[in-house]
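Turn these sequences into a full structure, and let the hints steer you where they fit.
Order-wise, the sequence lines are chains L and W. Residue numbers for the first sequence follow numbering that gives the first Met the number 0, beginning at 0 and rising by one. Residue numbers for the second sequence follow numbering that gives the first Met the number 0, beginning at 0 and rising by one.
Check before you lean on any hint, since a few could be wrong.
Below 27 Å or equal to it, Euclidean Cα-Cα: the simulated DSS-like pairs (lysine-lysine) are [unchecked claim]: (1) L/K222 with L/K40; (2) L/K294 with W/K68; (3) W/K99 with L/K160.
Chain W stretches covered by chain L per the calculated footprint, using a threshold of three residues with CB under 8 Å from any CB of chain L [as the list claims (entries may be wrong)]: (4) 11–19; (5) 39–52; (6) 72–80; (7) 85–98.
None of these hints come from the bench; they were simulated from the model. Glycine included, each C-beta is placed from N, C-alpha and C at the ideal position.
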Amino acid sequence: MTNVYIEGIGMTKFGKFVDKSMKQLLVEASIEALEDAGNPKVDAVFVGNFMGGSIGNQEILGALVANELGLGYIPTAKVEGACASGGIALRQGIMGILSGEYDTVLIAGVEKMKHASTADVTQAINAAMDNDSNEKQAGLTFPGFFGVLANRYFYETDATKEHLAMIALKNRENALHNPLAQFQKPTTIAEIMEARIITSPLGLFDCSPTTDGAAALVITRKKGAIHIRSSAQSSGPTQMQDADDVLSLPAVRESGRLAYERAGVGPEDIDVVEIHDCFSMTEMLAIEELGFFNKREGWLAVEQGRTKATGDKPVNTSGGLLSRGHPIGATGVAQLYQLVQQLRGIAPNQVEHARLALAQNLGGTGSYSTVHILERL
Amino acid sequence: MKVYQCDQCEYASVSNKYRCPSCGTGKLQEQDVSSRGTVYSYTDIHIAPAEFAHLTPYTVALIQLDESKAKVTARTNGNVEIGDVAELDHIEDGAYIYRKC
Numbered sequence: 000m001t002n003v004y005i006e007g008i009g010m011t012k013f014g015k016f017v018d019k020s021m022k023q024l025l026v027e028a029s030i031e032a033l034e035d036a037g038n039p040k041v042d043a044v045f046v047g048n049f050m051g052g053s054i055g056n057q058e059i060l061g062a063l064v065a066n067e068l069g070l071g072y073i074p075t076a077k078v079e080g081a082c083a084s085g086g087i088a089l090r091q092g093i094m095g096i097l098s099g100e101y102d103t104v105l106i107a108g109v110e111k112m113k114h115a116s117t118a119d120v121t122q123a124i125n126a127a128m129d130n131d132s133n134e135k136q137a138g139l140t141f142p143g144f145f146g147v148l149a150n151r152y153f154y155e156t157d158a159t160k161e162h163l164a165m166i167a168l169k170n171r172e173n174a175l176h177n178p179l180a181q182f183q184k185p186t187t188i189a190e191i192m193e194a195r196i197i198t199s200p201l202g203l204f205d206c207s208p209t210t211d212g213a214a215a216l217v218i219t220r221k222k223g224a225i226h227i228r229s230s231a232q233s234s235g236p237t238q239m240q241d242a243d244d245v246l247s248l249p250a251v252r253e254s255g256r257l258a259y260e261r262a263g264v265g266p267e268d269i270d271v272v273e274i275h276d277c278f279s280m281t282e283m284l285a286i287e288e289l290g291f292f293n294k295r296e297g298w299l300a301v302e303q304g305r306t307k308a309t310g311d312k313p314v315n316t317s318g319g320l321l322s323r324g325h326p327i328g329a330t331g332v333a334q335l336y337q338l339v340q341q342l343r344g345i346a347p348n349q350v351e352h353a354r355l356a357l358a359q360n361l362g363g364t365g366s367y368s369t370v371h372i373l374e375r376l
Numbered sequence: 000m001k002v003y004q005c006d007q008c009e010y011a012s013v014s015n016k017y018r019c020p021s022c023g024t025g026k027l028q029e030q031d032v033s034s035r036g037t038v039y040s041y042t043d044i045h046i047a048p049a050e051f052a053h054l055t056p057y058t059v060a061l062i063q064l065d066e067s068k069a070k071v072t073a074r075t076n077g078n079v080e081i082g083d084v085a086e087l088d089h090i091e092d093g094a095y096i097y098r099k100c
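Put into structure tokens, the structure is as follows:
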């Protein structure tokens, strides 16, 4: 139990905003979260961001937020953990409150990617691989890592590319009801299956897009309606060739185990889930690693519709990274935005009587994972 | 092919580590083993970062070595499938380039 509560949430629309700066996106989401929280005094700011320096030439994001919002001379920091930057920023804020140093912390996440070319963005994303390895030099990419996992998954189970398409379709259908989501155009299994291949067997719809956007949270020790029941973080192998079991993401499994243990609940108790579906295959593995379904049987649950908003284990009711969008540093914070809405009963694709919610945020090829479990009091 | 074998447990890797990540106590010892192995899985990459864009489409495979528990990530010269037997052809800019046997 953390005894830390989420008091306010804010989020920009996700998409392409070439006329807005990273700072503008950050400030927009932060002001919304502060207003939602009733404008409390803020003691610190943690910002999740991955490539502001490499493709935006903009750092000092924490100080920018404090300064633009007039928060005073409070401590701030930018937190980098590849695609888990947002989840780790939240966790740093929680740790700061638990330490006794802060009462109220503003957490924000941001990324601006749409102004850069695909080759430049892919290159910048590859900074989250181990440069000093034969694996990176072989030309492995992030989508490529999950492509290798998918081919092995198909080999060991009766799953096919169509099961990955079902995940992509489900998340697109959820995004259609989310006004802040990047993709709001309906699609079909046929369109997903026939889309151009990025890295076999993954096609365009199996891969999360590049996105501009920001999200923010106000967390506090003052008791409120949304309790962060537990926070956990783990690391995993930074290279595919070092994985003990290629169809396992140890960082996800371990962060999930710790989060359940600290919250005193199990996967069966969770009502609604936001998972890091950077690729359709990643969602398949994560629903298994977090214990919602047996190992190598996630595809059956997908086939039976159990992870749909209407299923018994709704996953990514926001549309997920695949269709809500994936502004890298904002993603882990945006997951909490959706889950707080679920627990308040006002979410897109609202799950009835949702009380316990779980967010899992992944960075690198399984290098970082955070899990947060929320409870409506 | 150089691999690093734990002196306390079964763990092995193509990259050296300060201590064995599996048992936490063992030291990794350098060993020379055959590069020959079996394709454990693969992907054909069509979209690549700028530095590899000129190679597309190319195949990256995970090879299970015959003489070690270690796996190695390699680029292959040509298409492969799971179960194919392959061996090191040459090393290029720090990458292992494998070919089907």
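Here is how each hint holds up against the structure:
no.	hint	in the structure
1	L/K222 with L/K40	15 Å, holds
2	L/K294 with W/K68	22 Å, holds
3	W/K99 with L/K160	26 Å, holds
4	11–19	holds (count 3)
5	39–52	holds (count 14)
6	72–80	holds (count 3)
7	85–98	holds (count 4)
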